[in-house]
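Visitor: So the chains spell out like this:
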Amino acid sequence: MTNHAASLVRVTAFLVALVLFTTPIFSQDWIRTGTGLGVERVRLAAPDFKAASSDSRTGELLKVFNDTLWSDLDNAGIFDMVSKSFYPLAVPGNPQEMKLDAWSNPPPNASMVAFGNLGVAGDSVSVQGWLFDVKNPASPQVLGKQYREAATPQNARLIAHRFANEIIFRLGGGIAGITESKIYFISSRTGNKEVWEMDYDGANQRRVTNLRSIALSPRISPDGTRLAFTSYARGNADLVLYSLELDRLLTFPRFGGTNASPAWSPDGSRLAFSSSRNGDPEIYLVDVLGTNLKRLTAYQGPDVSPGWNPKTGAQLAFVSGRTGLPQIYIMDADGANLQRLTDGGYAVSPSWSPNGQFLVFSWMRSYGPGAPGAQDIYIMDIASRQWVQLTHDGGRNDSPSWSPDGRHVVFQSNRSGSDQIWTMLADGTRQRQLTNSGRNTQPNWSFK
Amino acid sequence: MKHRINWITLIAVLATVMLVGVGGCKKKPTAPPPPPPPPPPAPTASITANPNSIERGQSTTLSWRTENATEITIDGIGNVEASGSRSVTPTESTTYRLLAKGAGGQQEATARVTVTEAPPPPAATQATDEELFAQNVKDAFFDFDSYALRPDADQALRANVQFLSQHPNMRFTLEGHCDERGSTEYNLALGDNRANAAKQLLVQLGISADRIRTISYGKEKPFCTESNEQCWQQNRRAHFVFQR
Amino acid sequence: MAARAEIFLEAENWRQPLLWSTLLHTAFFGAVLGYALIYEGRSGEPWGGGGEGGGAMSATLVSSASIPLPGSEVPTKNVLATESKGLSQSLPRAQEKETEPEAVPIPAPDAKIKRETRTTSARKPPPEPPVENVVPFGQGGPVTGPYGVFNARGASGGFSFGGGGDFGSRYGWYVDVVRRKVSENWLKYEIDPNISSARRVYITFEILRNGQPANVQVEQSSGVPSLDVSAVRALQRIDTFGPLPNDYAANKVSVEFWFDYRR
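Chains as they are written, first to last, in our numbering: chain S, -16 to 431; chain W, 9 to 252; chain A, 995 to 1257.
In short, the hints are calculated from the structure, not lab data. Keep in mind that this is a model prediction, so the values were computed, not measured. Errors might be hidden in some of the hints.
Simulated restraints on C-beta separations [stated by the list, open to error]: (1) Gly318(S) / Pro159(W): 29 to 39 Å; (2) Gln1206(A) / Glu23(S): 15 to 25 Å; (3) Thr1234(A) / Ser66(S): 27 to 37 Å; (4) Ser154(W) / Ser66(S): 48 to 58 Å; (5) Thr1234(A) / Leu272(S): 32 to 42 Å; (6) Ala34(S) / Cys239(W): 53 to 63 Å.
Chain S is nowhere near these chain A residues, computed Cβ spacing over 12 Å in every case [unchecked claim]: (7) Ile1189; (8) Arg1193; (9) Ser1215; (10) Val1218.
To give an idea of the interface, some chain S residues facing chain A are shown, with a C-beta separation under 10 Å as derived from the structure [what the hints assert, rightly or not]: (11) Leu114; (12) Lys118; (13) Ser122; (14) Pro123; (15) Val125; (16) Asn338.
In this text, a Cβ means the ideal position worked out from N, Cα and C, and glycines have one as well.
Start from the sequences, fold in the hints, and give me the full structure.
Guide: Shown next, in the form of C-alpha cells:
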C-alpha cells in the first residue's frame, strides 16, 4: 500500500508541476496589456496632504481633498496603493520634509510618493502637490504642481481630480486619467425615465432632461456638448438631440418607426442608430444635422445597438437577431465585411474599447425557457476572438461602456436587488456600485 | 196557518209600501224653480306642457283648453284658438301663461317648462365604440425572442380582422411589447418586429394600412411585473389600442 | 482483522501488480509528457491565441496602421553591429551633447558611432559578463538603478538611454514606464515555437517629445526572424510612453534595447 501511495503522490506532484508550467497562468495578461492596465503596478503611497493654514475651513476642504485623491489613485487601476497603516509617522508637507529612505524601505516599500499641503487664505484654497520617485535619490522629483481655486468643497474635489490625473498620466504611460470624465445614464427616481449625469466615481448625480416621458439609451457626443437618445415625448420612439449648453432639445428630423440606440462617430460628425422606418429595424447612418440618411443593413430581423470603433471610425459593431437569438457582428462603416463574433447564446450591447482592440458586451451563454444562465459582461479581443468573462456575481449585467482611458468599464447590474450602475476595471476586478436610489440603467461614459 | 198568513201579509204590506214609495218617488214630479237670468259664463282655461321637462334643443307640446273665452293668448306665442296644441322649443326654462278672456271675465292658466343641459352627445357613442373594440379585438402573443405569429396569434388576428372590417372607421395602434428579460435596446427592436408582424397580417387580410399605427415599447410598459413565465408570456404581445 | 489476512495473502502476489503498476505509470507519464510537449509546442493560447504558430504573422490588430517592417541588416549597419571591439572610451561626451538637441535627422553611420561611444562611457558595469574582455556593442550597460533590466516570462532584457547617460538617472521613473510598457507588450506567441533560445537581439528606437516611439530598427539580429519581428512589434504596438519629462531639454531620446530569449 505505501509503495502505491508514495508513487501516486509522486506522480500527482509531477503532473501538477507539469500542468503549472505548461498551461497559462497568466491568461488574463493579454487583457491587462491591451487595455493599458499593465501587468506590473507601481507601488504608490499617497499620504494625507498637510494643512498649511489654520483657517477653519481648512479641515473640511482637506478631508474632501484627501478622500478624493486617494479614491482617484486607488481606482486608477495602475497603482498598487501602499496601505496607510504602513506609512511612517512623519508625513511630509513639502519636499524639505520628505525623507526618501523612510518611504522606499519596508514597511512602506513604495516606489512613488504623492504628498503636499493644502491651505485656505481669504476666499481661495491653494494646494501644492509633489510626486517623488523615492527610489531615485539623485533626482526624485517627478511632478510639482500648484493649484488655486475658490474655497469650496467642490473645488477641493476638483483639484484632487486634477492632481490625480497628472500622476496617472505620467506614471501610466501617457494615457490621460478619467477623474474629470462623466457618466450619463437613465434614472427613474423622479417617476419618469430621464437622462442623468454624474462624475466617474458616482458623485454629483444630477438630472439633465425633464421631458416627463420615457428616455432611453443616452449617448454623449465626443465634444461633450450634446446628448443623443430615444424619447417618447412626441408619442413615438424618436431619436432626439439635446444640447447640454442650451438645456433644450435641438431640431432633428423624425424618421418614423422605432428609432433606438444612437452612437456618435468618433469625429462627432455622424450618428449610427437603429430605425424601423421601413418596417424592419436596420442600422442607419445620418449626419448630425439629420441629413444624408443611409441604410447599412438589409436583413430581416432586429438590428440594433451599433457602436463605432473609436480608434479608426471606420467600423461598427452591432447586434442582430437575424439568425434567432441576438448575436454580435462587426462590419465596415459602409456595411461591407460583415463578420459574426459570437457563436451562440444571447449577446447584446457591444462597446468598443478606445484603442480599437476589444469589445465588451453582455452575454447570456445559455438562454431560453428553462435555462437559468446569468447575463454577464464579457470582453473579447477582436483580432483573436478570444474572450473572458468579467462578471460572475449573478444577476443581470448589461449595457457596458468603456472609459476614455480604456481601463474601466461601467455597466448596469441588478445583483443588489434593483438595476443600478456599477463600475469595474477592464479585467473584471474592483467592481463597485455607483448609484443607489431608483432604478438606474444604460450608462454611457464620456469621451474625455 | 196563521204564521203563513202573517208572513204573506207582512210581505204584501212591505211590497206595497216599497212600490208605493218607489212609485211615489218616481211619480214625484219636482217642478224646478224658474232659473234666474243666467250671468255670462266665466271662461275656463287650462294649459299643459308635455313633456314639462326637456333638454335644451328639444321641443315640448303645449296643449290648452278654454271655454267661454273670446280672446285667448299665450305669452310668447300670441293669440291662439280656443283649444289646441302647439309645439315649442324654449331655450330656457319658461312659464307659459295662458290668458282667456271672455264676457264672463278672464281666466289664467300656466304651464312651466324646465329646460336642462343636454348631456354630452358624442361621448355616449364613442364609449360604446371603444368598449366594443376592447371586447372584440384580442392581442396576439409571442414566444420568447420571437416575432413569428404562432397559431393562436394567427387565429386571434384573423378574428380581429372580422370585427375590424365591419367597423371600417375604427383606427387603432399596435403596440409591441417584450418581457423584462433581455436588453432594453434589443427589446425595442423586437417589440417593433412584433407589432409589424401583426400589422402585416392584418394588411394582408384586407385592413387598410392607414388605420394602423405601430409603436414599440420594448420592455418599458409591462402589463405585469412578476418574474415568472406566466407574467413573461403576458408581456410578449402585440397590443391593440383603440384610437379616438 | 480479515483485512490483514488479505494483505498477507496478497503479499505473495505483489510482484506482478507492481510490474503492471510501473508499466502503466510509465505509460501514463510518457503520454502526459508527450502531450505536454506537443501541446505546448502547438498552442499559442496564453498569448492571445490568434496565431497558429510557426512564425506566420497571423494575428492582425484591428487598430494598427501599416506596420513598417524593420529594416533588414543593411551592409553598412552590419559593419558596426558586430561583437568586435567597440571604440575606445577616448571620445569626449561633450561632443554629443552639443549635437544631440538639434534633432536633425542624423545619417545612420554617425548615429551609430555616437551611440557606441555613449554606451561605452556609461558608468554602470553590464549585467552579464562581457564577452572576451571587450565591451561588445550594446553591452555598455543598462540604465542606472533598478529600472534598466527586466524580465518577461522567459526573456530578459535591458535598456540604455541616450542623452549622455544622464537621462536614465534623472528620469528613472520614465525609464520605468518604458520598461513596463515594452515588457508587457512583447507577446511571445509571434515567435516561432520551435525556437527555444536565441542570440541576443538589439533594437534601437527613439522616443519623440510626445512620447511616441519612432524609428524602430533592428541593430543586430538574433538570427531568428520571428524573434526580431516580435521585438519590433512590441515597440510598434505602443502608441505612446507619455510625453518626455518637461525639463528634459532635447526633443527626443534614443533608446537601445536588447532582448534575450529563453523559452
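Visitor: Would you mind marking each hint as holding or not holding in the structure?
Guide: Results of checking the hints against the structure:
1. The hint said 29 to 39 Å for the Cβ distance between glycine 318(S) and proline 159(W), and at roughly 36 Å that hint holds.
2. The hinted window of 15 to 25 Å between glutamine 1206(A) and glutamate 23(S) holds, with their beta carbons roughly 22 Å apart.
3. In this structure, threonine 1234(A) and serine 66(S) meet the distance hint of 27 to 37 Å, their C-beta atoms being roughly 31 Å apart.
4. Take serine 154(W) and serine 66(S): their Cβ atoms lie about 54 Å apart, and the range 48 to 58 Å holds.
5. The hinted window of 32 to 42 Å between threonine 1234(A) and leucine 272(S) holds, with their beta carbons roughly 34 Å apart.
6. Against the hinted window of 53 to 63 Å, the Cβ-Cβ separation of alanine 34(S) and cysteine 239(W) comes to about 58 Å, which satisfies the hint.
7. The claim that isoleucine 1189(A) lies off the interface holds: its Cβ sits roughly 17 Å from the closest Cβ of chain S, which is beyond the 12 Å cut-off.
8. With a least beta-carbon separation of about 25 Å from chain S, arginine 1193(A) lies farther than 12 Å from that chain, consistent with its non-interface assignment.
9. Against the 12 Å criterion, serine 1215(A) stays outside the reach of chain S, whose nearest CB is about 25 Å from its own CB.
10. Interface exclusion of valine 1218(A) from chain S stands, the closest Cβ pair being 22 Å apart, more than 12 Å.
11. Using the Cβ-Cβ criterion of 10 Å, the hint placing leucine 114(S) at the interface with chain A is satisfied: the shortest such distance is roughly 8 Å.
12. Hint on lysine 118(S) holds. Least Cβ distance to chain A is approximately 6 Å, under the 10 Å limit.
13. Given hint, serine 122(S) at the interface with chain A, holds; its Cβ is 5 Å from that chain's nearest Cβ, closer than 10 Å.
14. Look at proline 123(S): its Cβ gets to within about 9 Å of chain A, closer than 10 Å, so that hint holds up.
15. Annotation: interface hint on valine 125(S) holds; nearest CB of chain A at approximately 5 Å, less than 10 Å.
16. Taken as an interface hint, asparagine 338(S) checks out: its beta carbon lies about 6 Å from the nearest beta carbon of chain A, inside 10 Å.
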